[in-house]
Structures are given as structure tokens and as C-alpha cells.
Amino acid sequence: MQPTTPSRRPRPVLRGLVALGLVLVLAIGGFGVYLAGVAGDLPWQTDPTRVVNAITPFAGIPGFGDDPTEPPAATPGPSSVASPAATPSPATSPAPTTTP
Numbered sequence: 157m158q159p160t161t162p163s164r165r166p167r168p169v170l171r172g173l174v175a176l177g178l179v180l181v182l183a184i185g186g187f188g189v190y191l192a193g194v195a196g197d198l199p200w201q202t203d204p205t206r207v208v209n210a211i212t213p214f215a216g217i218p219g220f221g222d223d224p225t226e227p228p229a230a231t232p233g234p235s236s237v238a239s240p241a242a243t244p245s246p247a248t249s250p251a252p253t254t255t256p
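Note that my numbering has the sequence shown beginning at 157, numbered continuously upward.
Calculated from the structure, these hints are not laboratory results. Treat the hints loosely; a few may be bogus.
To be verified - Computed beta-carbon distance windows for the label pairs:
| # | residue 1 | residue 2 | range |
| --- | --- | --- | --- |
| 1 | Val-208 | Val-174 | 50 to 56 Å |
| 2 | Leu-191 | Leu-170 | 30 to 36 Å |
| 3 | Pro-232 | Val-207 | 37 to 43 Å |
| 4 | Ala-175 | Phe-214 | 57 to 63 Å |
Computed from a prediction, not measured in an experiment: that's the story for all the values here. Backbone N, C-alpha and C define an ideal beta-carbon position, used for all residues, glycine too.
Using the sequences provided together with the hints, build the complete structure.
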């Protein structure tokens, strides 16, 4: 007869805890890599090229130069607001009389 050895059964609770721990480590690590990527701090990311010359905004666009431009002359045209002389005055009624 052979000697009996205790059976090595996997414990489901222990396996579940190990799996949960691995999932948490992967989630936290992935979030850390995401934040480092957004900040541009990952070791494999290249640094942006440094600009040597000064960049002037709106350079070379007509109307944004150093010389002031004159605004276009206003052309007289019909006005949407009526002048005070053109509006009719309200009709005045005689003063009310009071009887004692």
C-alpha cells in the first residue's frame, strides 16, 4: 500500500484575492502611465524641437503691421432711427376742470 499524501487543492478564495490584486496593480499602473503620457514625462517621448527665432504673431498678414490703417469713410445713408423733428408729438388734451 502506498502512503497517502494530502491532496493539493487550489483554494478559490486565495486565487480570487491574487487576481483582484493583479487587476488593481494593472489599473493603478495604467493610470500612472496615462498621467505621465499626458504630462509628456515618459522616457520614450522625444522632447519638442526648440524654436530659435522669435515668432511674431500675425506677422506678414496685411492689416496687422506697424503702420496704422485708416478706417473706411462712412457713407451717409438712411438711418433706422427717426430724428426728433420727424416724430409726431402726442395730442394734448385741455386741462381737466374741477368743479367745487
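Inset, instruction - Confirm or reject the claim that Ala-175 and Phe-214 have a C-beta distance inside 57 to 63 Å. - result: Cβ of Ala-175 to Cβ of Phe-214: about 59 Å, so the range 57 to 63 Å holds.
Inset, instruction - Take the C-beta atom of Pro-232 and the C-beta atom of Val-207, compute their distance, and say whether it sits inside 37 to 43 Å. - result: Violated: the Cβ-Cβ distance is about 50 Å, outside 37 to 43 Å.
Inset, instruction - Could you tell me whether the CB distance from Val-208 to Val-174 stays inside 50 to 56 Å? - result: holds (55 Å)
Legend entry - Range hint 30 to 36 Å (beta carbons of Leu-191 and Leu-170) holds or violated: holds (32 Å)
The earlier numbered hint that this structure contradicts is number 3, and it is the only one.
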